[in-house]
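Asks: In case you want the letters, here they are:
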Amino acid sequence: MKPRSKRLLLVGGAVALLVGAVALVLTAFQQNLVFFHTPSEVAEGKAPAGRTFRVGGMVEEGSVRREPDGLTVRFAITDTAKVIPVSYRGTLPDLFQEGKGAVVQGTLDQDGLFRASEVLAKHDENYMPIEAQYAVDQAQKAAQTVQH
Amino acid sequence: MIPELGHFALILALVLSLVQAIVPMVGARRNRMALMAVGRPAAQGQLVFIVIAFVCLTWAFIESDFSVRLAAANSHTDTPLIYKITGVWGNHEGSLLLWAMSLSMWTVAVTVFSRNLPEAFMARVLGVLGWISVGFISFTLVTSNPFERLLPGAAQGRDLNPLLQDPGMIIHPPLLYMGYVGFSVAFAFAIAALLTGRLDAAWARWSRPWTIIAWVFLTAGIAVGSGWAYYELGWGGWWFWDPVENASFMPWLLGTALIHSLAVTEKRGAFRSWTVLLAIGTFSLSLLGTFLVRSGVITSVHAFATDPTRGLYILALLVLVIGISLVLFAWRAPRLAGGGSFGLVSREASLLGNNVLLTVACAAVLLGTLYPLFLDALNMGKISVGPPYFEATFVPLMTPVVILMMIGPFVRWKGDDGGRVVRKLALSALASVVLGVAIAFAIDHVSVRTVLGLALSAWVVLTSAQLLRARLAERPGVAALVRLRGIPSAWWGMWLAHLGIGVFVIGVTMVGSLTADLDVKMSEGQTAGLAGYTFTFRGATERAGPNYDAATAIVDVERNGTRIATLTPEKRVYRAQRMPMTESSIDVGPFRDIYLSLGEQVESGAWVVSIHYRPFILWIWMGCVLMGLGGIFAASDRRYRRLAERTATATNAKHAG
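The listed protein sequences correspond, in order, to chains G and E.
Counting in numbering that gives the first Met the number 0, the first sequence tops out at residue 147, every number present.
Counting in numbering that gives the first Met the number 0, the second sequence tops out at residue 656, every number present.
Derived by calculation from the structure, the hints in this document are not laboratory data.
Beta carbons: idealized from backbone N, C-alpha and C, even for Gly.
Take every hint as true, because none was put in to throw you off.
Derived pair list, reagent style DSBU-like, types lysine-lysine, alpha-carbon separation capped at 30 Å:
1) K381/E x K99/G
2) K99/G x K45/G
3) K99/G x K520/E
4) K381/E x K140/G
Cβ-to-Cβ under 8 Å is the rule here; a few derived chain G residues that face chain E:
5) K5
6) F28
7) V33
8) F34
9) R65
10) E130
11) Y133
The calculated label-pair distances, taken between Cβ atoms and stated as ranges, are:
12) I382/E x R88/G: 24 to 30 Å
13) S4/G x A464/E: 34 to 40 Å
14) V433/E x E97/G: 54 to 60 Å
15) T526/E x P47/G: 38 to 44 Å
16) R88/G x I323/E: 50 to 56 Å
17) Q43/E x L25/G: 49 to 55 Å
18) G560/E x P47/G: 49 to 55 Å
19) R422/E x E117/G: 49 to 55 Å
20) S86/G x I1/E: 52 to 58 Å
21) L8/G x D586/E: 50 to 56 Å
22) L112/G x T526/E: 31 to 37 Å
23) S4/G x N30/E: 45 to 51 Å
Chain G extracted, bound-state conformation (with noise of 0.2 Å):
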């Protein structure tokens, strides 16, 4: 091989190495974005059906329950506005309280039932989780839109 068609054939392969690695990189992307959605969004129908997404609000005071088992926790989380029946098998994060904010990611069932298969709570006494916040603002944003 000429030192020309050799080094042709280096650059060559190190971009179709780039190309390939950027494509998986951008699939794998476009697959596993998870996306966020109020209670309020929800409860219009916007969240999408099948797919994993996260809802975030307070967790309502008096929602939490075990079922017989002792191991399903049924909940609801409301951003004040809206409420979302929440269904989690599994241990709960030390700091999950109701009252208090959460984010749980999972599927919506066809009656409405969320099954959440992660329950992320804050990490600190002091500090409510982003999303959590947001939903509840939006909420009360929206509320005052409509009472003007």
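Chain E: place on chain G using the hints.
Replies: Quick look at chain E alone, frame taken from chain G:
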């Protein structure tokens, strides 16, 4: 009085950092020895004052001086002494002070250990480090003064976040910061070299050990952080692809590329522009990591406060650093062309391939980490990118890296015969595939991921053995021990670090394939089974810790009728913040961990217990230990010191003549 003393010391440190930033730079430009010589004492004096400031702040924590706002917010009279001390950096302001102190330590280390550098070069290195120091100390003083008073003082403190009251958290932040900040030395060397316009093999040789040591600290810091998450967060995960973890992993990936690129620049004078760009990129990612973690744009245990001015300040610093370095690079780049040419099959080519792949992997992590933030900032909706994305991109990108990583050392510099390399490695390759499939069948878990992971680790282990044999065969007729001792420590470093990757891959694969979890409701006397182990719940008792109250469960673990361990997972409530915490209990073993955490109490006497079986998880951290050891060996190679001295005298002589 003492906090004010600390505040004053920090201001003096800022003044000295300004001196260090300006005077030696001017001296280097005008070729004035007297001005250049100011750099060293300025850097050393700066360290003295930062240490005074740090000690004063620590004093406020130890003495529970709650008229200092930071101590009131992060400490408590009942906090154990060690966590009073670590509480100093368990918050935004204190951790910035730690950042500035590590930078100062690195700078002084450069003045001590790189004494043989040409004076003008050293002056520029110190100047660049001085500017970074100015940026960080002024950031601390202007936006995040750790010595701020609380008037009137609080009667009692709010205690340190209980998640951070853990032995792992004692050393994780300092290690990680030493790593982050250490890359500023590589950066300063690169900028100094750009300024002088002399980016040659000598520059690569000077900066290589520093880069490797920073990389070792970062590796250790990430490993400790991952270990902490594993036992402290209560469900046995070791890596979450959380933005904060990614923030430390990105500089690690690029830093790894940098180390290898420096090797080529040192040995063959090639890849010079690429090496400089990597040095700039790695340090920029360290700053980006600091920004992501400290600005509060991400909610996590690390995001202490959401004050937008702080985020803006770091962002401005980041833009300045990247902007100035890239302009400088564009200006000097034309001088960087050249370097040895190399063939398609050569060690350079294999290192180039790995460099590209590591950079792409880093870019993929960057995309997944930043894209949600961009969308959010532009008000285009909220999304999150979870572990599936990172796994889907990372495994295919890292597979060729691991394969190439073991081919590279067999290939000669400049050019080699492809057929020779193939003949040499064909048997190992075949054996790895066979072993991968066979072990997957043996553990009864045949999936693409498992076979791939096992085959890759077999490949690393087999070729490592082959590499060692080939190396020893180079000097026939000499006693084995003498031959072993004759191998330079840089070679051992490479060998160990690569082997570490293999051990790490074994751990990741086995944990990924054979993990088992069980959540179960248990009352006294009840048993549960998982992965061949029997767990018997012996009840729960109450106990009072120094600053918390705990419920402790007692669980016996048996296998085939013999008792292996008694585990005591706890549910704690920290008194000051009324914060509940799960304290897991783990039986650590070389081939498996048994991990218990205690959930809630359901009915009287019954508790939810989470049982996790984690095969080979220790190997993940053993792999990291080997990588770190490899780094230490590589950096301590005698050759560096000798060569550095020789080139230093040579260049000094040239300058004189």
